[in-house]
Every structure is written in C-alpha cells, then in structure tokens.
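S.K.: Here is what each chain is made of, one letter per residue.
Number of protein chains: 4
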Amino acid sequence: MSKKITKIGVLTSGGDAPGMNAAIRAVVRACSYYHLECVGVYRGYQGLIEGDFEKLDARSVRNVINRGGTFLKSTRSLEFKTKEGRKKAHDQLSEAGVDALVVIGGDGTFTGGVFFSDEFNFPIVGIPATIDNDIHGTDYTLGYDTALNTVVEAIDKIRDTASSHNRLFLVEVMGRDAGDIALNSGIGAGAEEILIPEESAGVERMLESLKKSKASGKTSSIIVVAEGERSGKNIFQLADFIHEQDESYDIRVSVLGHIQRGGSPSCFDRVLASKLGVGAVEAVIDGKTKVMIGIHHQNVVTVPLETAIKGEAKVDKELRRVADITSV
Amino acid sequence: MSKKITKIGVLTSGGDAPGMNAAIRAVVRACSYYHLECVGVYRGYQGLIEGDFEKLDARSVRNVINRGGTFLKSTRSLEFKTKEGRKKAHDQLSEAGVDALVVIGGDGTFTGGVFFSDEFNFPIVGIPATIDNDIHGTDYTLGYDTALNTVVEAIDKIRDTASSHNRLFLVEVMGRDAGDIALNSGIGAGAEEILIPEESAGVERMLESLKKSKASGKTSSIIVVAEGERSGKNIFQLADFIHEQDESYDIRVSVLGHIQRGGSPSCFDRVLASKLGVGAVEAVIDGKTKVMIGIHHQNVVTVPLETAIKGEAKVDKELRRVADITSV
Amino acid sequence: MSKKITKIGVLTSGGDAPGMNAAIRAVVRACSYYHLECVGVYRGYQGLIEGDFEKLDARSVRNVINRGGTFLKSTRSLEFKTKEGRKKAHDQLSEAGVDALVVIGGDGTFTGGVFFSDEFNFPIVGIPATIDNDIHGTDYTLGYDTALNTVVEAIDKIRDTASSHNRLFLVEVMGRDAGDIALNSGIGAGAEEILIPEESAGVERMLESLKKSKASGKTSSIIVVAEGERSGKNIFQLADFIHEQDESYDIRVSVLGHIQRGGSPSCFDRVLASKLGVGAVEAVIDGKTKVMIGIHHQNVVTVPLETAIKGEAKVDKELRRVADITSV
Amino acid sequence: MSKKITKIGVLTSGGDAPGMNAAIRAVVRACSYYHLECVGVYRGYQGLIEGDFEKLDARSVRNVINRGGTFLKSTRSLEFKTKEGRKKAHDQLSEAGVDALVVIGGDGTFTGGVFFSDEFNFPIVGIPATIDNDIHGTDYTLGYDTALNTVVEAIDKIRDTASSHNRLFLVEVMGRDAGDIALNSGIGAGAEEILIPEESAGVERMLESLKKSKASGKTSSIIVVAEGERSGKNIFQLADFIHEQDESYDIRVSVLGHIQRGGSPSCFDRVLASKLGVGAVEAVIDGKTKVMIGIHHQNVVTVPLETAIKGEAKVDKELRRVADITSV
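Protein chains in written order, with this note's numbering: chain P, 95 to 422; chain C, 95 to 422; chain R, 95 to 422; chain F, 95 to 422.
Worth flagging that the hints you see were computed from the coordinates, not collected in a lab.
As the structure is a computational prediction, the values presented were derived from the model and not from experiment.
Keep in mind that the hints are not guaranteed to be accurate.
Since copy identity is lost for identical chains, a pair holds within one copy or between any two.
In silico lysine to aspartate or glutamate, EDC-like type, Cα no more than 20 Å apart, as pairs [what the hints assert, rightly or not]:
#, residue 1, residue 2
1, K305, D151
2, K181, E321
3, K149, D201
4, K181, E144
5, K149, E321
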C-alpha cells in the first residue's frame, strides 16, 4: 500500500525548454488545491543531493507562466550517477519529509528518475519538457511548439534577405536524432528542402530539388537542415559542397542555435504545461510512480517512464509528403 | 461517375483568419504537383458571381505563407443567397472550365457551399478557417492557434500594468458562441477567472473567485471575458457591477477586438494549412464532394460538410477543471 | 552647501511605462558603482508615506531590464497631496537615512516632487517616463518608443483584416493632449489619415482624404485617432458620422487601450533608461535638485523640473507634412 | 542651370536593411504628391545596366511599409565598376527618360553613385540604409533601430537558458568596423561585457569583468562580441581562450547572423524612412545632387555624399561609460 502523500518535490533537469516555469506553477498550484505541501528543488538532481530546497506556495509562482527557462534552474549532475550521490539525495528528501518527486525534463531526466525510484522505492512522476519532441508516449513535449514558432520567425527574417538578394540560405535548426523541428518549421517557413536525421538520401534529394527550382525560375531558396542530418558534413561543408556542384549559387549559412531554447512560451505550451502539471500531482495522489504524464489525442495520459525513454524516433511520413508537395 | 478534374477553383469567404494564405498556397501547390490547373476566385462567393478569377501557379503564391489575412480577399455576398446569384456563379465556373471548388472559411461558407453543390451537382470541398474553433469534425480550425498567441501576448502586456498598479482588469476576447479562445487564453495568460458563453453561472463564480483572491492577498487580477458571455451585461456594465459589489477594486476594461484576427500565422497554423490544402485537392481528385478536410488526432480526415455545420459547441470540462486548479 | 549623499531612494509613480524597470536598475547599479546605498520605495509616494522601503543592491535588479511595468509598483496617492502626508513621507526618509530621491514618472510625479523638495529642502531628481512623450526638455520619454512599436504591430494585424475585407478601420491610440503617438504610429502603420488633439479641423480633413482615396481606387483604409482628438465625438460616434456621410463604407472600430502601456521595452528605451538612470545618480552626487534628466540631441541633459512640467504640446509640423505626403 | 525634373528613378543596393521598402514607398508617394513620374529599378546598379525598370505609382507600394528586405531587390554589380557598365546604365536611363536617381544603401552604394554622377553629370541623391549605422552625417541609418531590437530579443531568449543553467554565453552580433550594434544591444540586453572593433584591450577587460562578476556571486553571464572585434580570435577561439583561463566556466557560443538583417521594421525605422524618402525627392526637385538625406538632431539634413562616405567610426564614449556602470 502506498504511503499517504503530504509533501511533493518538484525539479527541472536537462536542457531548459519554454513551458518549464508554467509546469512548475501548475504543480505548485495543484498541490495548493489538494492541500499538499510543495517543495521546489533548485538545480535538478544536483540540488537534490545538496538539499537546495525551497517551500513554494501559490503566491511563489505568480508571474512566471510567461517566462522562458526555469526559475528552479537546471544542471547536469555527475554525482547523481553515483550510488553515493543518489543516497545523499534520498537522505535529503527524507529529512525534508518529501514523499514524492515530479521531475520535469527529457530522456536523461527520466532515466535518472527511474533509477532513483527503483533504488529507494520512491515515487517519481515525469513531465516531458524538451524542444526536440523526442519523447515517446506523448504527442507533444513542452517547449516544442514555442521552438517551432521561434524558428519560423527567424527564417521569415532570413527570407527577407534571401529574396532581396536572390540567395540560397542553409539554416541549421536543432534536432540531433529527431527531424520534427526541421520538418515542421521547414513546412511552416516555406523551405524548398529539408534535411533530417531520419533520412539518409537527403543531400541527393536536395541537389535534385535545387536543380528543379532553378529550372522553374526560382531565384532564392531556403534549405532547413537538422543538426543531426546524416550527410557526414557540417553545414558549412554542405554549403561548400553545393557550391562545388553549381558555382552560380550565392550561398549563406545561418546556425540558429540557442535562441531556439528560450523565449516566452506559446499559448499551446502554457496550456499543455498546466494540464501536465495538474496531471502529475493527481498521478502522485493516485499512488502512481515511474510514469510520465503526457498528452495523446488531446487527452492527458499516463505512460510508464520506461516506455517514454525507450522509443525510437521515426519520421512522420505524411508530413514529409506534405513538405514535398507544398515546396513544388 | 464523377467527371475527370482538370481545373480547381479556390476561394476564401467569411471572416478572415491567419493561415488562409498558407491554405491557398497549399491548394495551388498541390494542383501544380498533380498537374491540375488552379484558379483563384477573388472576394469569395461574390467574386464567383462576378467572374473575378485569376489563374494561379506555384510562383503566384511565393512569400504568402507568413502573411495574415487572405490575398484572395473575402466579402459577405447577399447575391449568393439568391437563386439568380448562384446561377450566375455556376455560369462563370462553367465558362472558365472550373470542375470543382475548394472553399476556405467557416460555418456560413460551408452552408453556402452545400447549397450550391446540391443545386448544380458541383463538387465542393471545404477547409475550416476561423479563429473561433467552432467547427465540428476537426480538432482545430485555421487561425485559432495564432489567435490564442495574439491574445496571450496582449494579456501579458496588460498584466504588466495590472501588477504595477494592483488593478483588476476585465479583458474581452472573441467568441460569441464558443469559449475556446477565452478558456485557453485565460489559462495561458494566468487569468484569475474566465467567463464563457457555455456557462450561465459565470458572474457568481467570478465574484466568489475575486473574494477568495482578495482574502489570499492577491493584489491584481485578470478576468478573461468571452464576448458571448451570458450575464446579459456588456463588459463595461460588468465592471460597474463588480465595483458596486466592492468599491475597493480599481477596475479597467480592455476589449482586444480586431487584432485577434490578424497577424502572421503560427507554425502550427502554417503546417495545418499545408496539410489541409493538400488534403482538399486530393479529396477533389478522389471524387469527393460536400466534405470538409479536417484534422483529428493528428490525422487528416474527411467529414461531411453537413456534420461540420450542424454541431453544437460544448465546453471542454477538463480544461475548465485545469483553469480552476491553476488559478488557485 | 549640500549635504554629502550616502543613500539614495528611488520610486516610480503615475502610469507605468516600459523602461521603468530598466531605469530603476540603472539607478541601483550607478549607486553601487559610486559606493552609495540605494533604497527602493514601493508604490510611489504612498509607499514613501508608509515607509514601504527595501534595500536594493546590484543583484536585486538582475533580469528586470527586459520587463514591462515596474517592480516597485506605482499608485496615485491622495495622501501625498496633503501637508500631513508629505510630513510623514519626510519623516520616513529621515528615519531611513535617505538623502535624496530619484522619482521616475511623468507630469504629476514631477509636480509632487517639486512641492516636496520645496517644502523640506530635500533633493529630488526626476526621470521622464510616460508613453505619451509629453514632457518638455527631453526629446524622448521612457516607454514612448516601445508604445509606438506596440501600436504599429497592432495596426499591422488590423490591416490584414482591413485589406482582406475592403474595410475602413478607425483605430484609437493613446494621447489625451499630445498627438505624438498617433502621428508617428500613423505614419509607421501607413494610415490614410490621422486625427490628433493639436488640430481642430481633423474631421473635415479626414472626410476629404477618404473621398480622395475612394476616387483613387483605394478599397481599404486605416484612420488613426488619438483619444484626445477634438471633434467632440467619441470614436464610435465618429464611425457613425462617417457612415452617415457615405453609407458605402464598411466601418470597424478598434480601441487599442491598455496593451499600449505594457510589454518588454525596445532596445531604444532600455538604452535610454540606462543613460537617464546613471545621469540621475550623478546629478544627485553633483548636488543638483529639482531637475529632470532628459535626452536632447542624443546628449544627456539636466532640465529644471518646473520647465519640464510647464510646457505645452505642439504638433511636429514636419511630421504632419510627411504624413500627408506619404498617405497620398 | 539644372534641367527640369519630370521622372525619378529609385533603387536599393548593397546589403538589405529593414526600412528599405518604407523608403521606396515614401519616394514613390512623394513623386506622386509632386506630380513626378517614378521608376523602380530592380537589382540595384546591375538592373540599371540591364534596364530592369518598372513604373511605380502610389498604389504599387501599398502594404510594403511593414516588410523587411527590399522588393526592388539588391545585388552587387561588378559590371557597374567598369566604364562600359556605367555607360550602359546611363544609356538605359536616357532612353527611359529618367532625370535623377535616388539610391538607397550604404557606403558602397554611395561610392558608386558619386562616380556615376561625376561621369555623366547625372543627379544622384542617397538615402542611408544599413543596419551597421556606420554612415557619417546622419545620426541614424535605416534598419539600425530594427536590428537592435532583433538582437535584444534574441539575447533575451538566450538569457533564459544562461540563467537556467548558470552558463556564460558569447553572442556574436554584426559590426565589422563599428561597435554601435554591440554597444547598444549589449546595454539593452544587460550584457556583462561588450567587445567592439574600436577598442583593442577588450579581451583583458572582459577577463577582468568575468573575474569580478564571479567574485560578486554572479552565476551566469552574457558577453556581446562584435564580429569585427580586435582580439585576432574568432568567437569559438575566444570561448576556448576563456576556458583555458578558468575551466569552471560552462561556455556556449551563439552567432546571431543573418536574422539581424531582416524582419518588419520598427516604428522608428518606418518613420525615418518616410522622412528621408520625402526629403530625397524634395532634394532632387531643388536641384541638389551628390548629397545624402540624413537625420541630425531630429531634423532632416542634406550632406555631401563624399562626407558620408569618408568618415571614420569612433566609439561613443558616453555609451561605453554607461555600459560599464550598469553592468556592475
């Protein structure tokens, strides 16, 4: 039988994502609603080890819903990968009277959580937050929708220059293993071609596309390139390679980089964060553990953390088809 | 047996919504991909009657994906409500050799389309575009996601003043029959209370909320009010009413109005428009008629236009619950 | 001889404006740079009376430069208009050991400051912050540039709808006495006509303009109307009046309202706030009092507060001329 | 005696900048106002050579004021550097009956214009447009204010991550010779240190700053680096160099790149473009040639093109001082 829950801890870990603050807020507010105490843990698992805790109430999370990043901060903790580190973390939680943890983050965060939960039989519930949308069992992760808007707005700006100068731009977007950001932002920005990690023949496709575009009289083009694209070339080498094939291209490279992780969350991400935060607290109350709270077909769902971690990304074929047709 | 399709017309009708241009673009590009001709009809059904047509090819729709409004323009046509008007429209289509129509709009657009299709046995396929998200058979309509972001950004600005001055703001957002915009943007903006058309006891709830907020030490508040809210008071009367109950409130009213309809579409709306535009052309090719192309559980679906029109809005209870919990 | 300054108080008063936080930050940082103590006064002159003070150091103002509103909050204080109120305020300052005050605000703020300074021979330095840009002796007030961008972005959205529907929009912007916001945002948004408080023949001009526009084939128009416009009609009555003159206009009204006061400050306002904040502290150190720190011809200048208050707004004739020419 | 002007050509050349479209619009509208014909020249001086002209009237420039880039496009023309090329250009102008040229661009654009004007005694008036603000005789160039806002918004996003992770970010902004963008955006974004081309001891300063910051307990920092910074290291080498000095820094690099050139112009740039465009046409009418229309102390001024080209950038010492004080 599960212990009665009276105090919940919440932390953020891994790369930050827009919506993390909104999720923390929802966890805190839901605790307040259900008359539970809530403790914020600073700096992720490292703060857990060091007991860097602060009591949070409904007022503590005023005016954070619209802020990017995470006010609880995040670090990668090597110490938490050791048995001693986790032991210290558990001692800190016991001492503070925390009965369960809500961990907000991605893959690595959940892996750490599962390990810790198994070791100490401690209730852990996860909320998926990463701009890469590469977590299984949830249709969307926190931060993904915001990142897409950031990318599309950036490429809109770049297109002003591309059109004005009849140039070819290669734009690198985030996505080491998953092409979701590249594929969606590429369609959204009206890119002529999109290179993603899930496809190996990307460069040939691209050269073919460029040739066709040129023949049809297009004078400027945007190619969106996921950072994990598989040509074996980095984006600058790719630019050189295209130029070698056809010297008439006036090519520029833009690496969007870290702006993709920040910014005020979109309405979608704020609402999603609110749903998942409430769902996480209710899962804890219901005695669930080692689960992630996700969204599937617009419903809040509960998924084993192991499932969330294990999956393998695969390209959305329908989206790839739409990209091909609309970039004619 | 359905006639072979060689030329498709496309028009926008009803209130404009961000993403309409992206949808037109996708229709045009899909026609190009499938080697069909495409004809743009200006000013909706009125342009149909007047034969205000222009041939569109893949190049015609460059650099429109990021623009609000509709470059094909939109009007409300009284003439199309007459038999003579529709007859003229059909004659124009025959003369121009157009075999099918894709109509982009809402409720009224689809009703007109069904009527016309029945009368002349003319293939019509609809794409749902309205910021109100009040069309049945599709999880999202074009423009809705963008409008939510516009509202949330506006309320973020208003909150700066509300917090600085310890004021109560009533913010009116669009939604005559459906509370979707109010409910989602209210959660997203961290509103203390939300009044929607689907609930009748809104004002009592609100007064109760305000009383609680005050007791808990909150000094500023945002109330989001859908324009179709059912108190029988307009938003200025509502402000007076609250002031009568408790004179200590320093109340301000903001009616967001028409900014909610415009703006560059979000990535979500651009991708959705691309999917629906391609889907509409493929539905025409497949011989479908009197259907709407919608999105359900992330899949493109085909729904009878009659179904899309008939439905009745009902409040998303889970969302209302999340709103109540997170506004503690 | 002026007393040696060791502790400076800073407060915001009157309507909030973007850049107030950046100005507070600069005051605090400049105090730190010059090894002075700094005390934040909450809620303007009312907080002065109540002794609602907090010690601020360089770290207290991290991450506020980009936020709208004022974290020190602002209220209008009736009590400060009484001799007793001001006496209490002075007692609080004496008790806290505060030697001088930097007051950030507009007209009313400066008037109160002059009164207080005269009464108690207390050093007061002002920083002009109001979106209306109606303070004399400074080319720009804090918040004005940000408000212009907010207005122009809002009208860009409205124009999407205006163009799509061939409509005439009347857009009300702030400016009770000064037409600066209307004139600049009207030019910036490409408005067809602009009504400002400084001109009395605005409505006749406007009707003339509309007639010409129509003759030239323009199908949609934006009229920007300052709230202090002198026709004696409110904006809804103005819409009715135009409609009476020519029923063919499809007219809509949008009152931008409070969104104009909020939002993250523009780079211009952040830099201006930084300059003025530093200038204010240096003025205090130099023994100046009853002066405003302004910007004139890109230089930081010192202006007697009496001058800043007294002036009368007059329309920028060159700007009016440019508006007339570019709205052809 | 100067020839009577009846037809004016307008072109954009060099790197694109937000506000170019607004300037073209103002030139066209002013021509219309003064009953002159206006001819748009596509692709800068290359289009001049090729006679790539289009008649523009007031309606041609509707809905362009809010768009980044230049609809007349821009290229760098090698042919225009040859006598033959310029001869062809002059022949094209004669044939088209164009009496004078308004050229919108930067340094290189003006240099070409002076050469051409001298050679053929052809009236040329320049409008300064470049995000770098490196033209003499004008307080502001078109696009500069917009670029500052773009940079500051991007760094606001990066700071979300920097704060969440206690990291040090090096952010590269444009500015090969001039540090204006770096200095202003660095102050506006609250950067801890700013490296500019006009100063040689930047790296030592920076290391000193970082040491102090660390001692004072700062955990995250932003360093803004102008691309023309003089350490002799690129930004990635700079990051390595800092890491060698103190391995405890968790450093990330972000190169903002081409997003800085695009985007919808700020209200400031739109108004400035309107003033300069009108001023340019009036200068042509007044028989002026080889002059730039600039803005100085808020007045439109006329400056010999030679002066505009020749100057040498020098750092704004007051701004550097403010940066040092507010980054305490």
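S.K.: Now tell me if each hint is right for this structure.
M.R.: Hint check:
1. K305 - D151: between (60 Å within a copy, 19 Å between copies)
2. K181 - E321: neither (37 Å within a copy, 48 Å between copies)
3. K149 - D201: neither (27 Å within a copy, 43 Å between copies)
4. K181 - E144: within (11 Å within a copy, 50 Å between copies)
5. K149 - E321: Neither: 40 Å inside a chain and 39 Å across chains, both beyond 20 Å.
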